[in-house]
Structures are given as structure tokens and as C-alpha cells.
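A.B. asks: Here is how the chains run, residue by residue.
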Amino acid sequence: MNLSHSLEALLYFKGEPITIAELSKILKCSENEIRLGAEELSETLSSRGIRLVRNEDEISLATAPEVSSIIESLEKEEREKDLGRAGLETLAIVAYLGPLSKSEIEYTRGVNSSFILRHLLLRGLISRKENPNDKRGYLYATTIELLSHLGISSLLELPELQEIKKEFQEKYSKAKAKEQKEKESEEESS
Amino acid sequence: MNLSHSLEALLYFKGEPITIAELSKILKCSENEIRLGAEELSETLSSRGIRLVRNEDEISLATAPEVSSIIESLEKEEREKDLGRAGLETLAIVAYLGPLSKSEIEYTRGVNSSFILRHLLLRGLISRKENPNDKRGYLYATTIELLSHLGISSLLELPELQEIKKEFQEKYSKAKAKEQKEKESEEESS
Amino acid sequence: MNEHQGLNFKSGEFEGPLDLLLDLIERRKLHINDVSLASITEEYIERVSARKELPTGEVAHFVLIASTLLLIKSKSLLPHLSLTTEEESDVKNLEERLKFLEKIRSLSPHLKERLFVTPMYLGGLKRSSRIVFSPSGDLSLSSLSVAIRSAIQSLPLVEKLPKAIVEKIISLEEMMENLAKRIEKSFSMSFKEFSKAHANEKKSVIVGFLALLELVKQGVLSVAQKEHFDDIHIQKDSVGIPEYN
Numbered sequence: 001m002n003l004s005h006s007l008e009a010l011l012y013f014k015g016e017p018i019t020i021a022e023l024s025k026i027l028k029c030s031e032n033e034i035r036l037g038a039e040e041l042s043e044t045l046s047s048r049g050i051r052l053v054r055n056e057d058e059i060s061l062a063t064a065p066e067v068s069s070i071i072e073s074l075e076k077e078e079r080e081k082d083l084g085r086a087g088l089e090t091l092a093i094v095a096y097l098g099p100l101s102k103s104e105i106e107y108t109r110g111v112n113s114s115f116i117l118r119h120l121l122l123r124g125l126i127s128r129k130e131n132p133n134d135k136r137g138y139l140y141a142t143t144i145e146l147l148s149h150l151g152i153s154s155l156l157e158l159p160e161l162q163e164i165k166k167e168f169q170e171k172y173s174k175a176k177a178k179e180q181k182e183k184e185s186e187e188e189s190s
Numbered sequence: 001m002n003l004s005h006s007l008e009a010l011l012y013f014k015g016e017p018i019t020i021a022e023l024s025k026i027l028k029c030s031e032n033e034i035r036l037g038a039e040e041l042s043e044t045l046s047s048r049g050i051r052l053v054r055n056e057d058e059i060s061l062a063t064a065p066e067v068s069s070i071i072e073s074l075e076k077e078e079r080e081k082d083l084g085r086a087g088l089e090t091l092a093i094v095a096y097l098g099p100l101s102k103s104e105i106e107y108t109r110g111v112n113s114s115f116i117l118r119h120l121l122l123r124g125l126i127s128r129k130e131n132p133n134d135k136r137g138y139l140y141a142t143t144i145e146l147l148s149h150l151g152i153s154s155l156l157e158l159p160e161l162q163e164i165k166k167e168f169q170e171k172y173s174k175a176k177a178k179e180q181k182e183k184e185s186e187e188e189s190s
Numbered sequence: 001m002n003e004h005q006g007l008n009f010k011s012g013e014f015e016g017p018l019d020l021l022l023d024l025i026e027r028r029k030l031h032i033n034d035v036s037l038a039s040i041t042e043e044y045i046e047r048v049s050a051r052k053e054l055p056t057g058e059v060a061h062f063v064l065i066a067s068t069l070l071l072i073k074s075k076s077l078l079p080h081l082s083l084t085t086e087e088e089s090d091v092k093n094l095e096e097r098l099k100f101l102e103k104i105r106s107l108s109p110h111l112k113e114r115l116f117v118t119p120m121y122l123g124g125l126k127r128s129s130r131i132v133f134s135p136s137g138d139l140s141l142s143s144l145s146v147a148i149r150s151a152i153q154s155l156p157l158v159e160k161l162p163k164a165i166v167e168k169i170i171s172l173e174e175m176m177e178n179l180a181k182r183i184e185k186s187f188s189m190s191f192k193e194f195s196k197a198h199a200n201e202k203k204s205v206i207v208g209f210l211a212l213l214e215l216v217k218q219g220v221l222s223v224a225q226k227e228h229f230d231d232i233h234i235q236k237d238s239v240g241i242p243e244y245n
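Residue numbers (the working numbering), protein chains in the order written: chain A, 1 to 190; chain F, 1 to 190; chain H, 1 to 245.
Okay, chain A solo, but in the shape it has when bound (with noise of 0.2 angstroms):
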């Protein structure tokens, strides 16, 4: 593999400036021929949708200006769209029964929500913070912002918020003991 695309590979999957210094320790060469490789790599991009952006001691990808209406509405849309059901169901997850953590937000959906949540962070519904139990894990829970615009000043004025979390501890631990005794039966035949 070349240089130049090993450098793209990287730019893209950091998403953010690397310095010439890092990628030189990542890709084991020197920093001249980091330099090189982004030389070319800023010619193989020169007429595309993604240019490669370079300081002196850093470089970054980043869209080529003629899109950046493009971008916009890309953003416009994104925070006007309706949050739809999955969008739904996560915030009120963690509006109900919150703060709570990744895991435990997908175990009670049953789906991967990297996704959704990223969404809903970016849209400022909810929010996150270091999880005290966990520190490569996060607690999601939602903002000032949201109740307001819901009009209430506390979750305890969620309708039906004490049935809804006492329902949801009994079917929960009825289906996590469940679940459990399926995986067991499951596992043990593969």
C-alpha cells in the first residue's frame, strides 16, 4: 500500500488535523516522506469532493469549498427532520428512565444506537457525561434545553413517570432473567 493512501486512510478516520510529527511515529517513516506522501496526496484530491488542507506541522481533510452549500444543507436537514420512531423511542428511553448508559440504552432497544444517539446528541436533546462506574463509558441524559421546549421544568413531570419506570423494572428484570436462561440454552449449542 502506498503512502498517500495509507496517509488518506488515517486523515479519514481521525477526522481531525494530525500532526506531521504523529503520523510519522504511526506510519514508522520519516517525516520527509510524510511530507511527500501528502504532496501527492493533495494532487490525487486536487479536483475532488475532499481536499487535503496542510499547515506547517499538521495536515487535515477536509470538503472542498464548491460543496459547502452542499454541507449546509446537509446540517439544515439533519437538525430539521423528524426524529422519527427509532429517534423517539431512544430519547424517550432516556428521558424516562435516565441517566443510563450505552449498553443499557441498546440492551432495553435491542438495537445498536451509536448511531442515534450520536443524532440526538448533535441536536442537543440529549446530553453525556463520564460514567462514574465506568470511565471509557459515558451516562446519557437529557437537557435543560429539551424540557423547555417541552414545556415542563423537571422530568418528574413526564406523564405517568412513576408507572412507566416501576413497569419497566418488572418486565426488565423478567426479561434479563429470561434472556439469560435463552442464552444459556442457545450458547451451549454453538
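Fair warning: there could be bad hints in the mix.
Said to hold, decoys possible - With a straight-line cut-off of 30 angstroms between C-alpha atoms, the simulated BS3-like cross-links for lysine-lysine are:
| # | chain 1 | residue 1 | chain 2 | residue 2 |
| --- | --- | --- | --- | --- |
| 1 | A | 166 | F | 135 |
| 2 | H | 103 | F | 129 |
| 3 | F | 25 | A | 76 |
| 4 | A | 174 | F | 102 |
| 5 | F | 135 | A | 102 |
| 6 | F | 81 | H | 103 |
| 7 | H | 92 | H | 103 |
| 8 | F | 135 | A | 174 |
| 9 | F | 166 | A | 81 |
| 10 | F | 28 | A | 76 |
| 11 | A | 176 | H | 112 |
| 12 | H | 29 | H | 99 |
| 13 | F | 165 | H | 103 |
| 14 | F | 28 | A | 174 |
| 15 | F | 129 | H | 112 |
| 16 | H | 185 | F | 166 |
| 17 | F | 135 | A | 171 |
| 18 | F | 102 | A | 102 |
| 19 | H | 112 | F | 166 |
| 20 | A | 165 | F | 135 |
| 21 | F | 129 | A | 176 |
| 22 | A | 25 | A | 135 |
| 23 | H | 75 | H | 29 |
Stated by the list, open to error - Heads up, incomplete: computed chain H residues facing chain F, CB under 10 angstroms, no partners named:
| # | residue |
| --- | --- |
| 24 | 29 |
| 25 | 32 |
| 26 | 104 |
| 27 | 108 |
| 28 | 112 |
| 29 | 115 |
| 30 | 130 |
| 31 | 139 |
| 32 | 141 |
Claimed, not checked - Here chain H is said to cover these stretches of chain A; the calculated rule only asks that three of the stretch's residues, wherever they fall, bring their Cβ under 8 angstroms from a Cβ of chain H:
| # | segment |
| --- | --- |
| 33 | 80-94 |
| 34 | 103-112 |
Quick caveat, the hints were computed from the structure, so don't treat them as lab data.
By construction, the Cβ of each residue, glycine as well, lies at the ideal position given by its N, Cα and C atoms.
Starting from the known structure of chain A, arrange chains F and H on it as the hints suggest.
C.D. replies: Relative to chain A, chains F and H alone:
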């Protein structure tokens, strides 16, 4: 600005899969034009550090499989790798025959697959969406993440994909329909 | 001692009835057809009987497949036995399902070889744009309350016994009775052809029925003992476990 460049920029900016439907709305052109643009972008990227990954309704950029070892060293999260025989078998069924319903999966495997499907959903390897023919049920399909984990840009890279899909539909549909009817009457009563 | 125990088949190595059948067929390096299915019928029933703690719903699936196997077996021993159209299509379906699952199985290793080996990273999660509070038109207290209700609804349910499976098991008992009568009839019709050399095989059919009945009993319902089977029970001790190669 050509369409494939706009797609590249949008996908780079979003950094996660975007549906064909959403792209068609943002770029104000038909879904078919989006698919053609994606085709062109896919070819342009075929020998680069980033690639286009496609499934039926979504596309995304991803780093090339050839640089996976470099990117892996940057990834902080440890990925759970083991799937087990039942998991792989179920995944193969969804990849080759999907989108399909739970009862079709269970008919093929001959065994209850609730837990294993849930597990695959939670890991983001498969997705579910409402079944247009059965409001109470879901259709299961592969995700862009699954393709990216496999290091392939499209399901078409799987061996024998077309033949097996065809065989399933032709030879199997009669038996399936019969069994499904029985299955449904079971589900109704449970 | 019967040879199957020598296979050292660990319980739990199979998943469902189709997997078990495929395993048995593959171990003997057979092709999937009525002959191979007939030859593994007893072993299948034995394996299932030996599996003590099958989940309730699963027993029925195993038993239903067992009944089709028994049809195949009976037909292979008694060519005069005529199967109904539905029975014939059951047999054909079973073969087709097995062949298809075998094919799917042969594809899984390919996925296994590729999965997580040289992944493509979607990345981009850090490419965060600004957080701007942007509620949507479909967001309200009532839509949230509807959403949480449906989320709770869709939590995995506490196990309930599927009624249709129970019904199938009941009709299975009738099916066995019926089949037993037809076998007897078929025996008398073909008595001359069916020489003494085959006597042992006749017994194996009966043992198959007994084992199947045992399964039904273990299963969802405690099936009331019917006179017809009492007769067969009496012979049980003298029959023993059949040898099958």
C-alpha cells in the same frame, strides 16, 4: 460540481452511513441518479485509501481493508470478535437471503433464533426495519457495519450470492409460505 | 452396545433438529435423501430423548421432525405403505430444508474467514459538527409517552406456551395412531414378501414409535395413553435397541 464529488464530500462530512433517500433529498436528484453517482465514486475510490461501502439503501465511506492494521492500532475500543457457530450461520442467512423475516430465518435454521438475532442487532451486524407486508413484524438485513467488518464494499463480493438468493426464492418459497402460515398462527396465539 | 454411542456425540453440539440431522448425516458421509434419513431415524430419536433439558417450545420442533423421519423410515421398510400427498410433501420439504441449510453452513466459514480480519473503518465519529439545539416537529410529551410505552411493550416477553405447537403435538399423537394402523395393514398385505429376515426391522419401527411417544410425553402435554400403544408397550422388553448401519 459533479455528483460523485458532492457525494464524497457529504459522506466525508457525515462520517457515517447516509441513506440513498436522504441523499436524494439533499442533492435534489432522483435515487437512481444517486446510485449512479455512487457507482462512479466507488470506481474512483477503488484503488485509494478510502472506499465506498454500499448496501441496498445506504452508502458510507470507510478506510480501505489494506490499511486495517494501521487503523486498528489507533482504535481504543476493543472489539468483541467471537460470534460462535449459531451466530455465523444466522449471519450467513441474513447476508445471503435478506431482507427476510424472523419466521423465514427460523424456518431455514429450524430453531428459535430470538436470542441470536438480538445479539446480532445489538452488535450492529444486522438491522431490522418494519415489514411492509406485516406491521407487527420486522425484516432483517445486513448493515454497512457488517460489510465494513468483512472488509467488502458490497454484498455482491460474497461468493455465489446471486445463485443462492435465486435458489432460495424459487425452490424454497412454496415450502416457506406453508410453514410461515403455520408459524403466524402460532405467533398470533402466543 | 450400539454403535452410535461410539460417536461420542456431546450434547449441546447441535442446535435445532435440522442441525442435529445434518450432523448425523455428515458424520456418516451420506448424501441427503430418503435412504440416509431412514438410516438415521433411530439415532435421531435417541439423541433427542437423551437431551434432558430442551426448552419447552423446542421439544415440539424436534418431535415434528421426528414424525416425518418416522414416515420416511416406515416407507423405506414397507414399500406398500402409501403416503398421503401432504405426507409426501412433508418428506420432500424436510429434504429440501436440509439441503439448503447444508449450503448455508458451507458458506459460514467464508464469513468467518473474513469477519473482523481486515475491517474497513467507518470512522468519522469525531468529526463532530456544532451542537445546535434543534427539536423536531414530531417531538412532544405525548409522542415521548407513546414511544416509551411501545419500548416497554417490545422488551423480550416472558415465555408463553405457543398454542399452535400444543395443537400440533396433539395431532401428532393421532398421526402416530393412524400410521400404526396403516403399517399393520401394510404388513398383512405384504406378508409373504416380508420374510423373517426383516423381522428385526419391523421391531425397529415399533421402537421408533415408542421413542417418539416418549418424546411427546416429555414435551408440552402429558399425552393420555391410548390402548393402541399399550399393545406395543408389552413388546418393549423383548425388542431392545435396534442395530442400524
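A.B. asks: Give a verdict on every hint.
C.D. replies: We went through each hint and held it up to the structure:
Straight-line distance between C-alpha atoms of residue 166 of chain A and residue 135 of chain F comes to about 28 angstroms, which keeps the hinted pair within the 30 angstroms bound. About 27 angstroms separates the Cα atoms of residue 103 of chain H and residue 129 of chain F, which keeps this hinted pair within 30 angstroms; it holds. For a cut-off of 30 angstroms, the pair hint linking residue 25 of chain F to residue 76 of chain A stands: about 12 angstroms separates their Cα positions. For the hint pairing residue 174 of chain A with residue 102 of chain F, the CA-to-CA distance comes to about 23 angstroms; that is within 30 angstroms, so the pair holds.
A distance of roughly 28 angstroms separates the Cα atoms of residue 135 of chain F and residue 102 of chain A; the hinted pair therefore holds under the 30 angstroms criterion. With a C-alpha separation of about 24 angstroms, the suggested pair residue 81 of chain F and residue 103 of chain H falls inside the 30 angstroms cut-off, and the hint holds. A distance of roughly 17 angstroms separates the Cα atoms of residue 92 of chain H and residue 103 of chain H; the hinted pair therefore holds under the 30 angstroms criterion. Restraint check for residue 135 of chain F and residue 174 of chain A: the C-alpha separation of about 26 angstroms stays at or below 30 angstroms, so the hint holds.
A distance of roughly 38 angstroms separates the Cα atoms of residue 166 of chain F and residue 81 of chain A; the hinted pair therefore is violated under the 30 angstroms criterion. For the given pair, residue 28 of chain F sits about 14 angstroms from residue 76 of chain A by alpha-carbon distance, which is consistent with the 30 angstroms threshold. As the CA atoms of residue 176 of chain A and residue 112 of chain H are separated by approximately 29 angstroms, the hinted pair is consistent with the 30 angstroms bound. Under the criterion of a C-alpha separation no larger than 30 angstroms, the hint pairing residue 29 of chain H with residue 99 of chain H is consistent with the structure, at around 14 angstroms.
Only pairs whose Cα atoms come within 30 angstroms are accepted, and residue 165 of chain F paired with residue 103 of chain H is accepted, the gap being roughly 12 angstroms. Between the alpha carbons of residue 28 of chain F and residue 174 of chain A the distance comes to roughly 49 angstroms, so the proposed pair goes past 30 angstroms and is violated. Of the pairs offered as hints, the one joining residue 129 of chain F and residue 112 of chain H holds, with about 25 angstroms between alpha carbons and a cut-off of 30 angstroms not exceeded. Straight-line distance between C-alpha atoms of residue 185 of chain H and residue 166 of chain F comes to about 43 angstroms, which puts the hinted pair past the 30 angstroms bound.
Note on residue 135 of chain F and residue 171 of chain A: the hinted pairing holds, with a Cα-Cα distance of about 23 angstroms set against a maximum of 30 angstroms. With a C-alpha separation of about 26 angstroms, the suggested pairing of residue 102 of chain F with residue 102 of chain A holds against the 30 angstroms cut-off. This hinted pair checks out: residue 112 of chain H and residue 166 of chain F have alpha carbons roughly 23 angstroms apart, not beyond 30 angstroms. Simply put, residue 165 of chain A and residue 135 of chain F have alpha-carbon atoms about 27 angstroms apart, close enough for the 30 angstroms limit, and the pair holds.
Pair hint residue 129 of chain F plus residue 176 of chain A holds up; C-alpha atoms about 24 angstroms apart against a cutoff of 30 angstroms. Using a Cα cut-off of 30 angstroms, the hinted pair residue 25 of chain A and residue 135 of chain A holds, with the two alpha carbons roughly 27 angstroms apart. Among the hinted pairs, residue 75 of chain H with residue 29 of chain H is consistent with the structure: their alpha-carbon atoms are about 23 angstroms apart, no more than 30 angstroms. The closest approach between the C-beta of residue 29 of chain H and any C-beta of chain F is roughly 20 angstroms, which is over the 10 angstroms cut-off, so the hint fails.
A least Cβ separation of about 14 angstroms between residue 32 of chain H and chain F goes past the 10 angstroms threshold, and the interface hint is therefore violated. A distance limit of 10 angstroms between C-beta atoms decides the matter here; for residue 104 of chain H the minimum to chain F is near 5 angstroms, and the interface restraint holds. Given hint, residue 108 of chain H at the interface with chain F, holds; its Cβ is 4 angstroms from that chain's nearest Cβ, closer than 10 angstroms. For residue 112 of chain H, the interface hint holds, the least distance from its beta-carbon to any beta-carbon of chain F being 6 angstroms, beneath 10 angstroms.
This hint holds: residue 115 of chain H has a C-beta 6 angstroms from the nearest C-beta of chain F, less than the 10 angstroms allowed. Restraint check, residue 130 of chain H versus chain F: the minimum CB separation of about 13 angstroms is more than 10 angstroms; hint violated. Because the closest C-beta pair between residue 139 of chain H and chain F is about 19 angstroms apart, greater than 10 angstroms, the hint is violated. Among the interface hints, the one on residue 141 of chain H is violated; its C-beta lies about 25 angstroms from the nearest C-beta in chain F, farther than the 10 angstroms criterion.
With 12 residues bearing a CB less than 8 angstroms from a CB of chain H, the segment 80-94 of chain A meets the requirement of three and the coverage assertion stands. Chain H is given as covering the segment 103-112 of chain A, and this holds because 3 residues of the stretch bring a CB closer than 8 angstroms to a CB of that chain, at least three being needed.
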